[in-house]
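Fit chain B to the known structure of chain A by using the hints.
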Amino acid sequence: MIDARTTNVTRAPARVGSTDGWSVGPVAARPYAWPYDGRVDTRHLAVICIDWQVDFCGAGGYVDRMGYDIRLTRAGLPATAMLLEHARATGMTVIHTREGHAPDLGDLPANKRWRSAQIGAEIGSAGPRGRILVRGEPGWEIVPEVAPAPGEFVVDKPGKGAFYATNLDLLLRTNQITHLLLTGITTDVCVHTTMREANDRGYECLVLADCTGATDPSNHDAALHMVTMQGGVFGAVAEAADVIAATDRGGEQ
Amino acid sequence: MTEIIVEAAPSPFRFDPASTALVLIDMQRDFVEPGGFGESLGNDVSILQAVVPPLQAVLADARERGLTVIHTREGHRPDLSDCPPAKLMRGAPSMRIGDPGPKGRILVRGEYGHDIIDDLAPLPGEVVIDKPGKGSFYATGLDDLLQASGITSLIVTGVTTEVCVHTTVREANDRGYECLVLSDCVGSYFPEFQKAALAMISAQGGIFGWVAPSPDYLSALTADEPTLSA
Chain A
1 MIDARTTNVT RAPARVGSTD GWSVGPVAAR PYAWPYDGRV DTRHLAVICI DWQVDFCGAG
61 GYVDRMGYDI RLTRAGLPAT AMLLEHARAT GMTVIHTREG HAPDLGDLPA NKRWRSAQIG
121 AEIGSAGPRG RILVRGEPGW EIVPEVAPAP GEFVVDKPGK GAFYATNLDL LLRTNQITHL
181 LLTGITTDVC VHTTMREAND RGYECLVLAD CTGATDPSNH DAALHMVTMQ GGVFGAVAEA
241 ADVIAATDRG GEQ
Chain B
1 MTEIIVEAAP SPFRFDPAST ALVLIDMQRD FVEPGGFGES LGNDVSILQA VVPPLQAVLA
61 DARERGLTVI HTREGHRPDL SDCPPAKLMR GAPSMRIGDP GPKGRILVRG EYGHDIIDDL
121 APLPGEVVID KPGKGSFYAT GLDDLLQASG ITSLIVTGVT TEVCVHTTVR EANDRGYECL
181 VLSDCVGSYF PEFQKAALAM ISAQGGIFGW VAPSPDYLSA LTADEPTLSA
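Respectively, the protein sequence lines represent chains A and B. Heads up: the first sequence runs through residues 1 to 253, numbered per full-length UniProt numbering. Heads up: the second sequence runs through residues 1 to 230, numbered per full-length UniProt numbering.
None of these hints come from the bench; they were simulated from the model. Hints should not be assumed to be uniformly reliable.
Claimed, not checked - Using C-beta positions, here's what the derived DEER-type ranges look like:
| # | chain 1 | residue 1 | chain 2 | residue 2 | range |
| --- | --- | --- | --- | --- | --- |
| 1 | B | Gln49 | A | Glu145 | 44 to 52 Å |
| 2 | A | Gln118 | B | Ser81 | 44 to 52 Å |
| 3 | A | Pro78 | B | Ser219 | 46 to 54 Å |
| 4 | B | Pro102 | A | Gly38 | 42 to 50 Å |
| 5 | B | Thr140 | A | Ser125 | 32 to 40 Å |
Beta carbons are placed, not taken as given, at the ideal position from N, Cα and C, and that holds for glycine.
For reference, chain A alone in the conformation it holds in the complex:
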C-alpha cells in the first residue's frame, strides 16, 4: 500500500466551499492595491504555505545544521497561524508544500546533493531529526503551529519551486484558483521561486511579509523589495492583517 504522505499531492475529504460570499480586496499592498482586478471571491483564492518544515525552522533540522539562526525562519509562524485561521473561516483553499526527496534519493540532482555536503549537511544523511530532507522523516514534517487541517492539499516538491515536477498547476486550475496568498520559508529561496513560477503562469500573487522569513535578514528584505519594483514585477507585498482587514461578505463590488 502506498503511504499517502509520499504521493505528490494528497487530499483529504473535500473542503467546505465559500457559501457565504466572502471576498478579499482591495488589500492595502505595495506597490498597488491588490489584486489587479479589484476583488477576489475566496473560492478563487488559495493560501500557499511553503515549506514550514522542521528541516527549515525546527531545532536539529537542515537549516539548523547548516549553522543558521532558526529564530529568523520561525519569525513568520504566528502571523501565518493567524492567517490560516482566517482563511479556513472564510472559505479560502489552503495548500501546503514540502521540499524533500524519495528515500532512495532517486529524485535528487547530483549537484544539489554535492552542494549540501559541501556545507556540512548532506541531503539524505542522518541527523537529529532523521535523514535530512527525506520524505517520511520527522525533519520533513510540517511544524505543528501551521500543520495542515483535514481537507487541505499537501504538495511534495523536489526543488525550490512548487510548480516544477509537481501537480500544483493542475490542482490550482482544476479548483479554479486564480489568486494566491504566499507564506512560508525562505523568502528569497522557495517563496520567491514559487512566486516567480506562479506569476509566469498568470496567477495574481500577494506575498505576506510577516508570514515569511529567511536565513539572512538582508536577503529577506531585498527579496520583498524586488517584488515591488516595476509596478509589481511579480505581484505585490502586504501583511496578514491587511488581508484580514480587506475580507468581507461584500462579494463582487
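What follows is chain B alone, placed relative to chain A:
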C-alpha cells in the same frame, strides 16, 4: 572530456565546454537601448549598456570555441493571447504590453524593440527562445532542447539580474543544470538588486549556482588551451 575550472563563489565551478551552453537572456532593444520601453518607464539604461562590451567578448569566445549559444527574448504574440491578464493589467495605462512604444508595440514579437540589440545579434544556427514570462523554461522548448543537445551546464548572462536572469537560474537549478552567472555580464536597473541577487545565488553553499566575473571565466578557458612549443 575537458574539465575547465573557474574560480567562483562559493567554490570553483567545473564544466566541460562540450556539454555547456552560453545563455544570453533578453538583451532586447526594449530593455537595453536608449529610447526603449525600459527607459520610458524611468529606468537608467546606461547601467545595462555596461554589460554589452564584456558580453560581446564572452560571446565571441564561445563562437570561436563552438559552445552552444542560446538567446532568449521576452515577448507576446501580436494578439496578446499568451499574455496573462494579471501581467497585462499591471502596467500603467498607455504603457501596457501591446501598446505603441518608442520602438514599436511594447513586448510584442516581431516588433523592432522586441529584437536583440545589433551588438549581440544571433548568428544563423544559434537558438533563439521566445518566452512569454520571466523564466526561460516555462512555456518554451528550452528544457527539451538542452536535453537533446546533451547540455548539463549553463553560463548565464543578460538582463535583468534579479528578474529574468534569476528566474531562469532558479528554474535551471531545480532541473539539475549547473549554472555559472557572469557577474559583469548581467545587469539590473537597480545597483542594490544587482548586489543582492548575485549574493543570493552563491549563498548557502551555492543554493542556485556559482558566480564569477567574465575575465576569470575567459582566463580559465584560455589556460586550458594547449600551448604551441617552438
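Hints versus structure:
Here the CB-CB span from Gln49 (chain B) to Glu145 (chain A) is close to 49 Å, well matched to the stated 44 to 52 Å. Against the hinted window of 44 to 52 Å, the Cβ-Cβ separation of Gln118 (chain A) and Ser81 (chain B) comes to about 45 Å, which satisfies the hint. A C-beta distance of roughly 51 Å is found between Pro78 (chain A) and Ser219 (chain B), which places it inside the suggested range of 46 to 54 Å. For Pro102 (chain B) paired with Gly38 (chain A), a C-beta distance near 31 Å fails the hint of 42 to 50 Å.
Checked against the hint of 32 to 40 Å, the C-beta distance between Thr140 (chain B) and Ser125 (chain A) comes to roughly 36 Å, which is consistent with it.
Hint compliance for this structure: hint 4 alone is broken.
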